[in-house]
Amino acid sequence: MAPPSSTDVDMRWSNKRKRANNTDEQEKKEAKKKCFKEEDSVREQARNHRILTARMPVNALTSTWSLGKNRRLDVKHVQTLCTIFAQGGLNRKAEENHLLVLCSRVDVSRMMDHLRRQGQPDSLEASGELPFFKEWLSVNRGSLVEIMAGQHRVKALEAYVRKTGAAEEELWWTCELYDQGKF
1 MAPPSSTDVD MRWSNKRKRA NNTDEQEKKE AKKKCFKEED SVREQARNHR
51 ILTARMPVNA LTSTWSLGKN RRLDVKHVQT LCTIFAQGGL NRKAEENHLL
101 VLCSRVDVSR MMDHLRRQGQ PDSLEASGEL PFFKEWLSVN RGSLVEIMAG
151 QHRVKALEAY VRKTGAAEEE LWWTCELYDQ GKF
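Take the sequence shown: its letter number 175 is residue 175 in the UniProt record's numbering, and every next letter is one higher.
Below are the SDA-like pairs computed for lysine to any residue, each with C-alpha atoms no more than 20 Å apart in a straight line:
1) K134 <-> Q120
2) K182 <-> E44
3) K93 <-> E158
4) K69 <-> K182
5) K69 <-> K155
6) K76 <-> K163
To be clear, the hints were calculated from the coordinates, so they are not data collected in a lab. Remember, it's a predicted structure, so these values are computed and weren't measured experimentally.
Build out the structure end to end from the sequences listed, making use of the hints.
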């Protein structure tokens, strides 16, 4: 009897796994890619549904969502933001600090009609001056605006105003208002 060839020995005694077919390998690669799938930011995803940008009183905002659940408030993050505000970093008008909020397009129209009746021009946003919706709650019968992104900034602002003894008129933030009916 002839001794086994080296290939026969390799096949019988090898601990190596057999190579999977190309389909299995491709599926594994695609599964790994899905783990690292890049998503657009909330702002990018919502951009087509943006109504306008305005200054909103924080008492007209809620961090409770009508659909889904917002993340829990991180008290340490609020304290960190409050410290940043105290060091001159409030920057409520900077675009990267805008709150992203959901509301009814009808409520925004009602508010803009109210501002027009008060003598404010329609082209406020185009001129660089943002409308101030300080009477939002009375005009819209208590309807609150949902914060999609920015609840920690709101809580930090409230703490900062209390800490500094600033007037209640300072309790506002620049918000990008998005159509709630589209989400």
